Amino acid sequence: MLTGIATLTVLALAFGLGLGWAGIRLRVRADPVAERIDALLPQTQCGQCDFSGCRPYAEAIAKTEADINQCPPGGAAGIRALADLLGCQAKPLNPDNGEEKPKTLVVIDEQHCIGCTLCIQACPVDAIVGASKLMHTVIESECTGCNLCLPPCPVDCIDVLEIATGISQWRSPRPLALAAAQ
Amino acid sequence: MNYTDPIQVARDAGKHTHHFHGGLRLRHNKRISCGIPVERPALPEILAVPLLQHLGGDVAEPLVKAGDRVLKGQQIGRCEPCPVVHAPTSGTVEAVEDRLMTHITGMTGPCVVIRPDGKEQWVELEPISDVQNASPDTLINQLQECGLVGLGGAVFPTHIKALDGREKRIHTLILNGAECEPYISCDEMLMREQPDKIVLGARILRRALGAERVVIAIEDQMGAVREALTYAADCAECKSVKVVKVTKIYPEGGERQLIQVLTGLEVPFGGRPTDLGLLVQNVATAAAFAEAVTEGKPLIERYVTVTGNGISQPRNLLALIGTPFSHLVKACGGYTEDVARLVVGGPLMGYPVSSDATPMVKAANCILALTQRDIAAPQAEMPCIRCGECSRACPATLLPQQLHLQIKHGLWDEATEYGLTACIECGCCDIVCPSHIPLVDWFRYGKGELRQRAAEAQASDLARKRFEAREARLLRTKQERAEDMALRKQMLKDKATREGRAKKTNGDPADA
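Chains as they are written, first to last, in the working numbering: chain A, 1 to 182; chain B, 1001 to 1512.
It should be emphasised that the hints constitute simulated quantities derived from the structure, not laboratory data.
All values reported here derive from a predicted model rather than from experimental measurement.
We treat Cβ as the ideally placed atom computed from N, Cα and C, and that holds for glycine.
Worth double-checking, as some hints may not be accurate.
[What the hints assert, rightly or not] Some chain B residues flagged as far from chain A (calculated, every beta-carbon gap over 10 Å):
id	residue
1	H1021
2	R1025
3	L1026
4	K1065
5	T1105
6	T1247
7	V1339
8	T1505
[As the list claims (entries may be wrong)] Heads up, simulated DSSO-like pairs for lysine-lysine below, C-alpha to C-alpha not over 30 Å straight-line:
id	chain 1	residue 1	chain 2	residue 2
9	A	K63	B	K1478
10	A	K63	B	K1465
11	B	K1408	A	K101
12	B	K1239	A	K133
13	B	K1503	B	K1489
14	B	K1242	B	K1297
15	A	K103	B	K1447
16	B	K1447	B	K1408
17	B	K1503	B	K1493
18	B	K1168	B	K1242
19	B	K1297	B	K1119
20	A	K63	A	K101
21	B	K1168	B	K1015
22	B	K1408	A	K103
23	A	K63	A	K103
24	B	K1465	A	K133
25	A	K103	B	K1489
26	B	K1447	B	K1465
27	A	K91	B	K1408
28	A	K91	B	K1447
29	B	K1465	A	K101
30	B	K1168	B	K1119
31	A	K101	B	K1447
32	B	K1465	B	K1489
33	B	K1447	B	K1168
[Said to hold, decoys possible] Simulated restraints, written as ranges between beta carbons of each label pair:
id	chain 1	residue 1	chain 2	residue 2	range
34	A	L161	B	I1104	48 to 56 Å
35	B	M1491	A	V155	36 to 44 Å
36	A	G98	B	A1457	20 to 28 Å
Please model the entire structure based on the sequences and the hints provided.
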């Protein structure tokens, strides 16, 4: 009887200590849920969700401080993916955050750029190069189409472009079901 | 079990023939276009040469502008590292503008429009003078300079494939003369008429690649071709060249299927033939290479089959790149009365075009005019009954029924896992499906979607990295500024106390 109690106490202590140690030493620093939500977001970093970027929005969703329907670039497909991940109901995009639009690019009209560097500071992904009083230009392959550089421009020399759809970008469409037999 | 190295097994390519999974025996309809010797049609009134004629990469930059005079074989477009585009004849450049391209969508794209002057005046060609002693790099460079692409239909730049092959130290070059799709007979005619050129091209290409031997694969139903090629390959320097007949089952002309027939090995999923030490080129590419090396002649014309029940006199032509299809059809006696559809490529893998003003390109091996009788009435799609016929016919050993459902329901991870990217779009599953499901259309859509998703994932990863780097930088500068500020405050404070102390020790002159 006594040996039994002693053995169990020792075991309980050992496991308790082990778990306590593991709880401190092996703690996962980053929030794994936020990480997975972040992977589903489009990384436009446009701030239309009322957060400063995709990562902060993902963290807010993980803490249930934000809803899943605040990301216009992700659109309906993005909301569905988030709903699947979090096991909740998909809902339509919140119109307060904006509407779903095809991805665009910005181009600086280099004739009119005065080199004020305001757009460089606004770009969330450092996709604009240039220096004070020198012409600026957008690195096309790195522009996410967030349009955050548009409001600060004092001379309105930034244009939004549709992404070109030439033969190289063409994709086979989804087959349509033929109407049932006559 | 005895483990044998697949590369060693692949060295025996062509010793025995093997079978691949699935495939179909189709009525080949090739005879109708093989009766007349190949000729060059008369010069057309106008030629529109598209600047994008290879797979992947960018559109070539035009080197000429409207009003320029060009000579036959002159470079008119280039970009690195894609194959060069050449003027097919001498004449005047009328425009460099967007014109109808040879594409399934009928989109327009940049073309150089040339009005021939009828003189056919050649630019000064630069052949490789000493072929025997030319370095492999010189030979491979000649591939790019002469604008060579895979002429089997995929138009992958040959010099890129060759460089990759050299790097991977391939041992066998396979020349693909197994033209398996019905109606198409341009390679057969080429092998009949120019076997010497093919064998010569094969020998030079073998040397450029550093391979040990060449296997030329032809179909067992090409009677005269075997004789012609064997005769051409019967010389002291041709010991390394071997002609092999393979059984005609569609699609044995596919790169992976042909390798399986010749070696019994499957190219690993996601891998390439070079992993087995093999490299496959079309016979027409080899012939074009022989011309490029010995004469310096760029790829400005190719054999094309103009055939089908909608053509009066089906035959093969040696057509200049940029010739409108209508001109080629005219050279074959025009259309019959009941022509209904014009297809580029064969009946299985080809695609319909809306206009016969479409220009000839390096990729076009066949122009097929079908009549209403040839075209099966579109059948209403019925639900999949899971009969499994499609997986029995699939030469890539996929499960088309499963992939179809996965694509339909957007299960992209599953579709990738089931090998959607390994589909060669041969159309066998389409033909056998009793429910008339357009499976290949679904797979084309699915593959496009997968590519798009991969590109988006890459872009968003890049954006995430850049955003995080920027956040880290902003934080760092903020901290540095705060530290700087604190330091300055401290210095001011120190200075103030120092001055205060100095005042006390020296005494204030004002107080004195």
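Now for the hints, and whether the structure bears them out:
In this structure B/H1021 is separated from chain A by more than 10 Å, as the shortest Cβ-Cβ distance comes to about 25 Å. Look at B/R1025: its CB is around 27 Å from the nearest CB on chain A, clear of 10 Å, so calling it non-interface holds up. With a least beta-carbon separation of about 23 Å from chain A, B/L1026 lies farther than 10 Å from that chain, consistent with its non-interface assignment. The Cβ of B/K1065 lies farther than 10 Å from every Cβ of chain A, with a closest approach of about 21 Å, so its non-interface assignment holds.
A cut-off of 10 Å between C-beta atoms contradicts the statement that B/T1105 is not in contact with chain A; the least separation is 6 Å. Non-interface status of B/T1247 relative to chain A is upheld: no Cβ of that chain comes within 10 Å, the nearest being about 32 Å off. Once the 10 Å rule is applied to beta carbons, B/V1339 is consistent with being away from chain A; the minimum gap is 24 Å. With a closest Cβ-Cβ approach of about 48 Å to chain A, B/T1505 is found to remain outside the 10 Å limit, as its non-interface label requires.
Pair hint A/K63 plus B/K1478 holds up; C-alpha atoms about 27 Å apart against a cutoff of 30 Å. The suggested pairing of A/K63 with B/K1465 holds, with an alpha-carbon distance near 23 Å, which does not exceed 30 Å. Between B/K1408 and A/K101 the CA atoms are separated by roughly 24 Å; this keeps the pair inside 30 Å, and the hint holds. For the proposed pair B/K1239 and A/K133, the alpha carbon gap of about 70 Å is over 30 Å, so the pair is violated.
For the hint linking B/K1503 to B/K1489, the alpha-carbon distance of about 21 Å falls within 30 Å, and the restraint holds. Proximity of B/K1242 to B/K1297 is assessed by CA-CA distance (about 27 Å); at most 30 Å being required, the pair is judged to hold. A threshold of 30 Å between alpha carbons decides the hint, and for A/K103 with B/K1447 the separation of about 21 Å falls inside it, so the pair holds. For the given pair, B/K1447 sits about 12 Å from B/K1408 by alpha-carbon distance, which is consistent with the 30 Å threshold.
Proposed proximity of B/K1503 and B/K1493 is supported: the alpha carbons are some 15 Å apart, at most 30 Å. Under the criterion of a C-alpha separation no larger than 30 Å, the hint pairing B/K1168 with B/K1242 is consistent with the structure, at around 22 Å. A threshold of 30 Å between alpha carbons decides the hint, and for B/K1297 with B/K1119 the separation of about 17 Å falls inside it, so the pair holds. Distance restraint check for A/K63 and A/K101: the Cα-Cα separation of roughly 28 Å lies within the 30 Å cut-off, and the hinted pair is therefore satisfied.
A threshold of 30 Å between alpha carbons decides the hint, and for B/K1168 with B/K1015 the separation of about 23 Å falls inside it, so the pair holds. Distance hint between B/K1408 and A/K103 is fulfilled; the C-alpha atoms sit about 24 Å from each other, no more than 30 Å. Using a Cα cut-off of 30 Å, the hinted pair A/K63 and A/K103 holds, with the two alpha carbons roughly 29 Å apart. The straight-line distance between the Cα atoms of B/K1465 and A/K133 is roughly 28 Å, inside the 30 Å bound, and the hint therefore holds.
A threshold of 30 Å between alpha carbons decides the hint, and for A/K103 with B/K1489 the separation of about 48 Å lies outside it, so the pair is violated. For the proposed pair B/K1447 and B/K1465, the alpha carbon gap of about 27 Å is at most 30 Å, so the pair holds. Between the alpha carbons of A/K91 and B/K1408 the distance comes to roughly 22 Å, so the proposed pair stays at or under 30 Å and holds. With a C-alpha separation of about 29 Å, the suggested pair A/K91 and B/K1447 falls inside the 30 Å cut-off, and the hint holds.
For the given pair, B/K1465 sits about 24 Å from A/K101 by alpha-carbon distance, which is consistent with the 30 Å threshold. This hinted pair does not check out: B/K1168 and B/K1119 have alpha carbons roughly 45 Å apart, beyond 30 Å. Between A/K101 and B/K1447 the alpha-carbon distance is near 24 Å, which keeps this suggested pair within the 30 Å criterion. With a C-alpha separation of about 36 Å, the suggested pair B/K1465 and B/K1489 falls outside the 30 Å cut-off, and the hint is violated.
Straight-line distance between C-alpha atoms of B/K1447 and B/K1168 comes to about 28 Å, which keeps the hinted pair within the 30 Å bound. Roughly 26 Å separates the CB atoms of A/L161 and B/I1104, a value that falls outside the hinted 48 to 56 Å. Distance hint for B/M1491 and A/V155: a CB-CB separation of about 41 Å, consistent with the stated range 36 to 44 Å. Between A/G98 and B/A1457 the beta carbon distance is about 23 Å. The supplied range of 20 to 28 Å therefore holds.
When held up to the earlier numbered hints, the structure conflicts with 5, 12, 25, 30, 32, 34 and fits the remainder.
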